[in-house]
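**Student:** Residue numbers (the working numbering), protein chains in the order written: chain A, 67 to 530; chain B, 8 to 513.
No lab work stands behind these hints: they were computed from the structure.
Beta carbons: idealized from backbone N, C-alpha and C, even for Gly.
Check each hint, because a few of them may be wrong.
[Claimed, not checked] Computed from the model, here is a short list of chain B residues facing chain A with C-beta under 7 Å:
| no. | residue |
| --- | --- |
| 1 | Val153 |
| 2 | Thr154 |
| 3 | Ile157 |
| 4 | Asn178 |
| 5 | Val226 |
| 6 | His265 |
| 7 | Asp323 |
| 8 | Val327 |
| 9 | Asn331 |
| 10 | Leu335 |
| 11 | Pro391 |
| 12 | Arg395 |
| 13 | Gln405 |
| 14 | Ala416 |
| 15 | Thr476 |
| 16 | Pro507 |
[Stated by the list, open to error] FRET-style restraints, in silico, Cβ to Cβ:
| no. | chain 1 | residue 1 | chain 2 | residue 2 | range |
| --- | --- | --- | --- | --- | --- |
| 17 | B | Thr154 | A | Gly143 | 16 to 26 Å |
| 18 | B | Thr127 | A | Asn525 | 26 to 36 Å |
| 19 | B | Thr421 | A | Asp343 | 22 to 32 Å |
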Amino acid sequence: MSSPSDFDSSDRSHGAATRRQALKTLGLAASVGVPMLTPLIASGSASAQTTDDYKALVCVAQFGGNDQSNTIMPRSGAAYTAYQTARPTLALSSTSMLPITPTGFAGPELGFAPTLPGLRTLFEQGRCAVLANVGSLVEPITRDQWRAGTRRVPRQLFSHSDQYTIWESGLPDRTSQSGWLGRLGDFTAGAFNPNSQISLTMSIAGTSLMLAGDQTIQYQISAAGVERVQNTSALYGSAAGGAALRQLLTRQGTSNFENSLTNISTRALNNASLIEDALAAQPPLTTVFPNTGLANQAKMVARLIGARRQLGQRRQIFLISSGGWDNHGSIVDEHPGQLSQLDGAMSALYAATVEMGVASSVTSFTASEFGRCLQHNGRGSDHGWGGHHFIVGGAVQGRRVYGSWPTVALGGAEDAGNGALVPTTALDEYGATLARWFGASTAQLSTVMPNLSRFSTPNLGFLP
Amino acid sequence: MSQLEASRFLVQAAFGATIADVQNVASNGFPAWIDAQFNIPRPSTHWDFPRRSPEALWGTVESFWTQAIRSSDQLRQRVTFALSEIFVVSAANAELSFRAEPLAAYLDMLAENAFGNFRTLIEGVARSPAMGYFLSHLANEKEDPVTGRIPDQNFAREVMQLFTIGLWELNQDGSRRVDSAGQPIPTYGQAEIAGMSRVFTGLSWANGWGGYDFGRPMVHYPQYVSTSEKRIVSGVVIPANTSGPESLRIALDTLFNHANAGPFFAEQLIKRLVTSNPSRPYVGRVAAAFANNGAGVRGDMRAVIRAVLMDPEARDPAKVQDPNWGKLREPILRFSAWLRAFNASNSLGRLSLWGYTDPLNNMAEPTLKPPSVFNYFRPDYSPPGVIRANGIVAPEFQITHESSITAYANFVGTVVSTGFDVTYYHPENPPITGNYTTELTLAAQPDALLDRLNLLLMGGQLSSATRATIKTAIEAIAIGSTNAALRRVQTAIALCMVSPDFIVQK
């Protein structure tokens, strides 16, 4: 997690004095660009592959805990009434929701939030799936077992930092030196990116444990692009100064702090120009990305996907993120705009993959440290547990709701208290399904998600 | 004591060194300097900083930098900055970024309590309207069974998790207590969160429930205060129908007197000032000072600060050789060291370090804008690689990556030579440049120049290897070549500032 993009526990406010930000409903940016070209097969690759045997995972982190109850909701009948009754000050009107028609779904009629038009379209087109009520679990647990305290549960439920760390590490019951996407990177880097100087895991969102494996260390690239270290050929007109600068940035000594620092600057020195050149060699994308923080990150992901051959990468893992989801005091004012940014970024990224002819090779998915309570506090909602997530991509078996749709009512079958959801699907199953598609073997899955065998559905089925 | 020791101390206790500071500390000793600092009154408030156009947050950003760099009460300034990274309120919140007042008042409150008592400090935090906005307990209403509304739990959680006691029961040396099964013991659960959320109801603006006044602490409005029984930590039960102010007093007293408060705060303050990985005995000694200042007073901030800075571990010169000792200087403190060392200013005498181009943005530490209540970095962050492999933490590495390191190195190259220049965006703000008058007199004597920079910038930690590298670069600029003296000085300063010896304080 982290850095310029950590959890956002700041909360927008409320009350008489609040300058309510006008809700900017961004239009659907995903006007799909040029007709797709047949992907070129990398002639140099040794083994026979379909297309160019390329795959990428894009994690879209929502720091702060997304309010699932104003993201995907029952939209009619008694189910809607129960939803509205549970959070009268927050509930969306049924007529404002964007109806979805999931295949093979026996639950109530559902709608997406009004500011998710792009994801709704992708859902209906079968390019977006919903995973319902997924969360951090140590072992399967029911509401009654939760109440009785008879099952183990993750440490420090409801705490931002601890729960996000679990979403990063994939290990709710012990500390971990690595993250699940980093461990997936460990398996795949050597096999698929043997000659790449650049890490298989790349963050546009600051440092993250999620991307750290036992060997894999993320490479950070800013949304604005790659900056080269200047002055290394000459500092203030002196070549000797430039040489000294390079020496100091790469010096190894005895301090672990100094060595850790110069390891990073050495990577920056060695790789910035490589990445910059690879990006510059790509034709500009015609897909229009909204001008938001998250969409700018998504655009950089699209550009790095475009540069995959120059980077020597047939597997890539990316992290992008947005903060501000911790809406204790501002669901009505802030959450629709947050969702709109998510919608714009994920829709545009999908459109860009279509434009580049790699739509079925790129899967993006959302992550957030927890869902939120269904019960309201007047202006917002408080920290919960299970939540709903989106998976988008050409390979996604979409227009379906995976997992188990919860009862959206206080006192429901999954209510852990105040309408927080006891998860019915584990993060482990979610991650393992993504990792299997990415190429992890069954044996490797037990390293990516070490507790996977405790859960019943290692493949949730939303990817082939 | 040597000037090198004084310089090292000032990296921990100030926003950077000047030669006058170094001489002051070296001649008077650490304890006398600390005591003198305790008695320097605040020169001015952020609240009263002239609200120059444009307004918004920038008046307070300039006030922050002006005090940090130019105030003589350096210890208060540095401790206040540390407190602002523990009790976080951020202008990343849109509402708080619109105006100068909220953060000005909040920083003033921290500064006024920096040398007071921890109990008063946390009351100031709890009643701050800026905090009330940020963590949404401003105008937080009591529960309502009719609509099913429950009080907002945001501040209730973070005041415990981040500000006072943390998540796990601690021994006095900061290590986690364990139960009979060897498991750590949570300090609270959801029931205590719910109880505490009812404590933080009924607080709003001093000028009315629906008012707007960032300049005064929040007050209680009885009609919005929860009258329910409130079960909080330490087994304390606040009876039903207790008033809002009394509930708040009991709750804050309970947190203040919790056994975790001392070791929890001690470890955080050590990490902000001295080292990322203090030994358990070091934490224990500071926690003991928190528990009792020697005169029976708990929470005396002066005693805590003195214990942090005067601890044998903090002052031991041998620790410099310990590969796990020290901490990464965060970008704000790297920049502040340059600003202080060379008395930087623009031609109007101002430090207008703001605008569309806060230089700290690309270094992942935008001034007054940490991304969340978890600050720019978490105290337990451990980056992959040699730090994690050695089982230690390095919080500042959470914002240290290829992008931010590159931005910093390039910023140094520019700022040392041409200063901080945003006239393209803000023609009213001339460039901020360093004054190298004294250094220029040493341009022909590289060793003397580096000796001076070792005191000014390096905390006395300039290694022989780095010295040799920089000396070679200086000498490569031939005396008599164009601008030789200036280029030699700039080369020396820039190379010092990108060296690992500077970026890692030991």
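**Student:** Identify whether the interface hint at proline 507(B) stands, where standing means a beta carbon of chain A within less than 7 Å of its own.
**Tutor:** It holds, given that the least Cβ distance between proline 507(B) and chain A is near 4 Å, below 7 Å.
**Student:** For the hint 26 to 36 Å, verify it against the beta carbon of threonine 127(B) and that of asparagine 525(A).
**Tutor:** Violated, since threonine 127(B) and asparagine 525(A) (Cβ atoms, about 57 Å apart) do not stay within the stated range.
**Student:** Against chain A, with CB atoms and a cut of 7 Å, does the hint on asparagine 178(B) hold up?
**Tutor:** Result: violated, 19 Å to nearest chain A Cβ.
**Student:** Tell me if alanine 416(B) is really an interface residue toward chain A, meaning its C-beta lies closer than 7 Å to one of theirs.
**Tutor:** holds, 5 Å
**Student:** Is the hint on isoleucine 157(B) kept, meaning its closest Cβ partner in chain A is under 7 Å away?
**Tutor:** Hint on isoleucine 157(B): holds, closest Cβ of chain A at ~5 Å, below 7 Å.
**Student:** Range hint 16 to 26 Å: satisfied by the CB atoms of threonine 154(B) and glycine 143(A)?
**Tutor:** Holds: the Cβ-Cβ distance is about 22 Å, inside 16 to 26 Å.
**Student:** Would you check whether arginine 395(B) satisfies its interface hint, that is, whether its CB is within less than 7 Å of any CB in chain A?
**Tutor:** Holds, because the Cβ-Cβ distance from arginine 395(B) to chain A comes to roughly 5 Å (cut-off 7 Å).
**Student:** Let's test the interface hint: is any C-beta of chain A closer than 7 Å to that of asparagine 331(B)?
**Tutor:** Since the shortest Cβ distance to chain A is 6 Å, the answer is holds.
**Student:** Hint validation: leucine 335(B) versus chain A, beta carbon distance must be below 7 Å. Holds or violated?
**Tutor:** Interface hint status for leucine 335(B): holds (6 Å vs cutoff 7 Å).
**Student:** Holds or violated: is the Cβ of proline 391(B) closer than 7 Å to a Cβ in chain A?
**Tutor:** Hint holds; proline 391(B) Cβ to chain A Cβ min 4 Å, cut 7 Å.
**Student:** Valine 327(B) was flagged as interface toward chain A. Is the shortest Cβ-Cβ separation under 7 Å?
**Tutor:** violated, 9 Å
**Student:** Regarding the hint that threonine 154(B) lies at the interface with chain A, is the smallest CB-CB distance below 7 Å?
**Tutor:** holds, 6 Å
The structure fails to meet hints 1, 4, 5, 6, 7, 8, 18 from the earlier list, while all remaining hints are met.
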